[in-house]
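Assemble chain B onto chain A, guided by the hints.
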Amino acid sequence: MRQGPAVSLTGISKRFGPVVAIQDVDLELGAGRVHALLGENGAGKSTLMGVLFGLVRPDRGTIRLDGAEIAIRSPRDAVRLGVGMVQQHFANVGAFTVAENVALGGQGRYRPRVATEQVRITAQSAGLAVDPNARVADLPVEAQQRVEIVRALARGARLLILDEPTAVLAPAEAAALLAWLRQFAREGGTVVLVTHKVAEALAVADDVTVLRGGRRIASGPATGFTLSTLAAAMFPKSDGTDDATRATPPAPATGEPVLRAHGLAVRGDRGERRIVDATFSVRAGEIVGIAGVEGSGHHELLQALAGVRQPTEGILEIPGRVSFVPGDRHRDALILDAPLYENFALHGAGARTGLIGWPAMRGRTQAVMAAFDVKARSPRDTAGSLSGGNQQRFVLGRELDARPDVLVVENPTRGLDLQATASIHRRLREAAAEGAAVLVHSADLDEILALAQRIFVVHAGIVREVPPDRDGVGRAMVGAG
Amino acid sequence: MATTARRADRWAGVVSFLDSPWAAPAVVLVVLATGAALLAAWYGVSAVSAFWFGSIGSWYGFTSGTLVRAVPLILTGLGVAIAFRAGVFNIGADGQLLAGATAAAYVGLEWSAALGHASLPAALILGTAAGALWAGVAALLRARFGVLEVISTLMLNFVATDLVAFLVRGPLQEPLHIYPQSATLPSVARLPTFGPTTQLHWGLALALVLAGAVWWFLARTAAGFRLRIVGANPFAAAVTGRVRVTRVAAWAFLASGALAGLAGAIEITAVTYALYDNLSPGYGFTAIAVAVLAGLNPVGVVFAGVLFAALETGATAMQRDAGVPSVWASVVEAALILILVAGASIRARAGNRHLRDAAS
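Residue numbers (numbering that gives the first Met the number 0), protein chains in the order written: chain A, 0 to 480; chain B, 0 to 359.
I should point out that these hints are in silico values taken from the structure, not numbers from a laboratory.
C-beta: ideal position from N, C-alpha, C; glycine also.
Be a bit skeptical, because a hint or two may be false.
Said to hold, decoys possible - Using C-beta positions, here's what the derived DEER-type ranges look like:
no. : chain 1 : residue 1 : chain 2 : residue 2 : range
1   : A       : Ala-133   : B       : Leu-162   : 36 to 46 Å
2   : B       : Leu-28    : A       : Ala-166   : 49 to 59 Å
3   : B       : Arg-243   : A       : Asp-468   : 40 to 50 Å
4   : B       : Arg-243   : A       : His-261   : 26 to 36 Å
5   : B       : Leu-28    : A       : Glu-293   : 54 to 64 Å
6   : B       : Arg-243   : A       : Gly-270   : 18 to 28 Å
7   : A       : Ala-90    : B       : Arg-243   : 28 to 38 Å
8   : B       : Trp-215   : A       : Ala-166   : 42 to 52 Å
9   : A       : Ser-73    : B       : Leu-162   : 48 to 58 Å
10  : B       : Gly-43    : A       : Gln-106   : 51 to 61 Å
11  : A       : Ala-128   : B       : Arg-243   : 38 to 48 Å
12  : B       : Arg-243   : A       : Ser-73    : 45 to 55 Å
Here chain A stands alone, though its shape is the one from the complex:
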């Protein structure tokens, strides 16, 4: 089989407006090797891979393929050079067969028999079980992923980039995929595995690179790293500057338990296990941080605690009222075209009966807007006309206005500026001080550390409490220690 290319990226930098996505990053990919690219959300992994696949034009830097300097201006260039990418969200046509999907975007005439034969040969020689005549929509996710790989291989890819390939897979499926990647590399292919999961990287990769804040933090053969050293690279010890956001050292809460979970199990949208056997309780007045890398199950756990996802096993006791500030506020918390007072009435709409007194609703909306500093002309303004910070203060105000005993919050300050972030943090602390139990998840570990008195880490579906220090939480998030 043809050798994969050896690619070196040198001094790659890319800015999006004022935001530096990656700065002066080097990456060495060797033929016959699996290279794991690690980093938290926003570390620059996707941008760097976008550069390699021709989706992003770097501002500076050079790419060399087998020693020769090249330019990759589009995915078409990348494919021509033997680079293939398997995206996290598959780009297939569900109603088409596997063969049709693979042929899609190809050139020349479409001949069904030839296309089917090509898929069969490609899949067979690569050792991937794929039925060329199956309809893609009928296939389970892991098979759809194999189709994506076959498509890349059918275009001649000898360098495969996989973006979070195991995020959608069950453990056994993930193991099978990783084994296949090793096999592909053994036969001379080049693999880049983009992932959050450190254990996975250490298990399959020959080389590891860690990005953080758009810079290369560490790079080298995988044998030179351990879970702990990688965790330390991804989540560094706080240098003390972050503590400014912490108003007072959090004191342990002494309130009554208002939430009890015992042996809780939660499944994802496809019925896959997301949380297994979680047992914990939360007291009134405390802020509990829920940490976890993408795909660890924290999202489904929060949904279950908020009451929008039914646990499949175990006991979840929440005797009081629950409010939820979902992570995707545009999708799950607001109707952008509707006025604020209707968005206010959205909370509890399912339980309301009889008539709605809109003038009174407008009055309450106005009161919440004043109390939570939501800048809008009137309750009649549409939610979509507000800035992100004002939308989030409005959502939080609405949810707190219901006087919840438990407040579940997901990524409360994503996309907000510093000032808006500080005001949201202050509100969350006030809510806890007034007796609500607050459970908060953030993709930003520092935010959790700044807010929470106790921290639960979700890793591979297991929930456990970890002392609130950066190092320990970071290691627990990647499954170390």
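Showing chain B alone in chain A's frame:
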């Protein structure tokens, strides 16, 4: 950058006009005036005058023509508006209307001897139920199996049309078995007119009351609010509102079918007194245009329904009196809808640009 800003300014005027409540009436007036001018230029003033007196220019034309025709358009238009508001694309109002008409004809013909004066309410109620049932087939398919209602309701239209064709040649055919139609309803099963000299019947009053009721339901009740948020953002309705989205959408679907069924029952008991082929000249499809023109507002549906009824009635009169093809009305209707839909998409696009500008 400067050119984008200037382009945004140019659209800003258009957008603020499209956002104002005068947009739809203004478009209607312009299109009607253009249509009338073209008509006069092509066929002469006599065509325009035939149109005018046949639709709204004479008391008889307005009441016995336009308003009678407006009743089924208002009712089916309300049904479509309710469904669309809930995010349910029910385009099967025509089939649901036929189901209602069939049930009402059956009750009026077969049960009137037993029911006496209860025949009329029974015909109307069962017609309404039949419309809901016909929509219920598609509602069930949607809720249980995720079948697209655009397909299922469209197909059910054909089923209803052919079912009526079968019935009026078989079980429900008139006693002489000559014409493909049912016998005529006895007077106890008929909806009375406002007087001996007019065709205008009490169905109009019913339609107006229902338009008010639907408006009140959507604007003031908790259930109406649920229906609106399910249509506006089903995710937020489920996550923040804890609304059972599938169930709410199914109820809206049934209500939509019920209104169309009532329209059919009223046509049978107040206008045709018999079931026959081609009972509906596409009321259920014009209803979509009516609902869209009304901006899915129940009160607007009344005006849009009367407008479309006037266009169609006037066109019929024009064909009869001046020999001008009645498709003129369809052209005007289509032009109206095209302009309004284009306007809505311009507004949406300009709105997006607005948000992007604000974000950057």
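Outcome for the supplied range 26 to 36 Å, where the beta carbon pair is Arg-243(B) and His-261(A): holds, 27 Å
Verdict for Arg-243(B), Ser-73(A) (Cβ pair) under range 45 to 55 Å: Once the Cβ atoms are compared, 47 Å apart, the range 45 to 55 Å for Ser-73(A) and Arg-243(B) holds.
Verdict for Ser-73(A), Leu-162(B) (Cβ pair) under range 48 to 58 Å: holds, 56 Å
Outcome for the supplied range 18 to 28 Å, where the beta carbon pair is Arg-243(B) and Gly-270(A): holds, 21 Å
Satisfaction of the hinted span 36 to 46 Å by the C-beta atoms belonging to Ala-133(A) and Leu-162(B): holds, 39 Å
Range hint 28 to 38 Å (beta carbons of Ala-90(A) and Arg-243(B)) holds or violated: holds, 33 Å
C-beta pair Leu-28(B), Ala-166(A): status relative to the range 49 to 59 Å that was hinted: holds, 56 Å
C-beta pair Gly-43(B), Gln-106(A): status relative to the range 51 to 61 Å that was hinted: holds, 60 Å
Verdict for Arg-243(B), Asp-468(A) (Cβ pair) under range 40 to 50 Å: Since the Cβ atoms of Arg-243(B) and Asp-468(A) sit about 44 Å apart, the hinted range of 40 to 50 Å holds.
Glu-293(A) and Leu-28(B) - C-beta distance against the hinted 54 to 64 Å: Since Leu-28(B) and Glu-293(A) have Cβ atoms about 56 Å apart, the given range 54 to 64 Å holds.
Cβ separation of Trp-215(B) and Ala-166(A), checked against the hinted range 42 to 52 Å: holds, 48 Å
Range hint compliance [Cβ, Ala-128(A) to Arg-243(B), 38 to 48 Å]: holds, 40 Å
The earlier numbered hints are all upheld by this structure, with none contradicted.
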